[in-house]
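Q: According to the numbering used here, the sequence shown is numbered sequentially starting from 973.
Think of the hints as simulated: they come from the structure by calculation, not from any bench. It is possible that part of the hints are untrue.
[Claimed, not checked] For lysine-lysine, the following DSS-like pairs were computed, each having C-alpha atoms within a straight-line distance of at most 27 Å: (1) 1112 with 1132; (2) 1132 with 1187; (3) 1138 with 1187; (4) 1138 with 1112; (5) 1070 with 1050; (6) 1070 with 1150; (7) 1050 with 1150; (8) 1132 with 1050; (9) 1187 with 1112; (10) 1138 with 1050.
[What the hints assert, rightly or not] Label-pair distances were calculated between CB atoms; the ranges are: (11) 1161 with 1038: 23 to 31 Å; (12) 1014 with 1125: 26 to 34 Å; (13) 1014 with 988: 30 to 38 Å; (14) 1110 with 1039: 26 to 34 Å; (15) 1087 with 989: 31 to 39 Å; (16) 1150 with 1123: 16 to 24 Å; (17) 1107 with 988: 32 to 40 Å.
All C-beta atoms, glycine included, are put in the ideal place defined by N, C-alpha and C.
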Amino acid sequence: MNYAIIAAGEGSRLAQEGVSRPKPLVTLCGEPMILRLINIFLRCGAESISIIVNEHMTEVRRFLEQLELPVPLHLVVKTTPSSMHSFWELSRVIPEGKFCLTTVDTIFREQDFAGYVAAFENDDTHDGMWAVTPFIDDEKPLYVEVDNDADMNITAFRDKPFDGAKYVSGGIYAMSHKAFEVLDRCIEQGISRMRNFQRALVDNGFSLQAYSIDKIIDVDHAADIPVAEQFISSFHQHTEH
973 MNYAIIAAGE
983 GSRLAQEGVS
993 RPKPLVTLCG
1003 EPMILRLINI
1013 FLRCGAESIS
1023 IIVNEHMTEV
1033 RRFLEQLELP
1043 VPLHLVVKTT
1053 PSSMHSFWEL
1063 SRVIPEGKFC
1073 LTTVDTIFRE
1083 QDFAGYVAAF
1093 ENDDTHDGMW
1103 AVTPFIDDEK
1113 PLYVEVDNDA
1123 DMNITAFRDK
1133 PFDGAKYVSG
1143 GIYAMSHKAF
1153 EVLDRCIEQG
1163 ISRMRNFQRA
1173 LVDNGFSLQA
1183 YSIDKIIDVD
1193 HAADIPVAEQ
1203 FISSFHQHTE
1213 H
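Could you build the full structure based on these sequences and the hints that come with them?
A: Below is the structure:
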């Protein structure tokens, strides 16, 4: 499995709230956020890791360039107008085959993530598998509609809650390079935002399955940092007993 990280945002909200480090280098339980993801990916059998950072993140770029990893690291340095455009830039360096994409500030339990990755690796019937969660933490959540709780086939992505809404996108996407055709068309048509790319996949007949993880959180504000650390440390304490 190949992995990719979108870390091209400005992190402006954190900076405005007094956090001096760039978001990818904000430490959670003593580990920079981006390094935590990289280490989890390595433990989940990463064959390669592709990362995009913006041109202003010189500190992050230097940090990544100094890493010595046992797998290829494809680093893209480019400022983009949206996460979908960042993904498009990454699509040029992600090796062919199955891959998992996440944003740098997506925080999850490693055990949950490992189960999700294994499920997609062993799945031969779907074009993609989206991590979803019933825990709504995002400021502008993307609601995920499925056909039923047994099959969990995704039928729509919605900006607003609807009758029977149970899940929101967790910001973790597993798919294959087949999806790049739709991504290219979205760019050509001037479409932006990851949620619109996701809708385009459904509109183009892609078979997407939802995989529910009970809790996934984002780090968007300074106050989210101690919450994320508590979430991570509580899991470690639980596994040690």
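Q: Look at each hint and say if it fits the structure.
A: Hint check:
| no. | hint | verdict |
| --- | --- | --- |
| 1 | 1112 with 1132 | holds, 9 Å |
| 2 | 1132 with 1187 | holds, 20 Å |
| 3 | 1138 with 1187 | holds, 13 Å |
| 4 | 1138 with 1112 | holds, 15 Å |
| 5 | 1070 with 1050 | holds, 24 Å |
| 6 | 1070 with 1150 | holds, 9 Å |
| 7 | 1050 with 1150 | holds, 24 Å |
| 8 | 1132 with 1050 | violated, 32 Å |
| 9 | 1187 with 1112 | holds, 16 Å |
| 10 | 1138 with 1050 | violated, 36 Å |
| 11 | 1161 with 1038: 23 to 31 Å | violated, 39 Å |
| 12 | 1014 with 1125: 26 to 34 Å | holds, 31 Å |
| 13 | 1014 with 988: 30 to 38 Å | holds, 33 Å |
| 14 | 1110 with 1039: 26 to 34 Å | holds, 29 Å |
| 15 | 1087 with 989: 31 to 39 Å | holds, 34 Å |
| 16 | 1150 with 1123: 16 to 24 Å | holds, 21 Å |
| 17 | 1107 with 988: 32 to 40 Å | violated, 26 Å |
Violation of the numbered hints given earlier is confined to hints 8, 10, 11 and 17; the remaining hints are satisfied by the structure.
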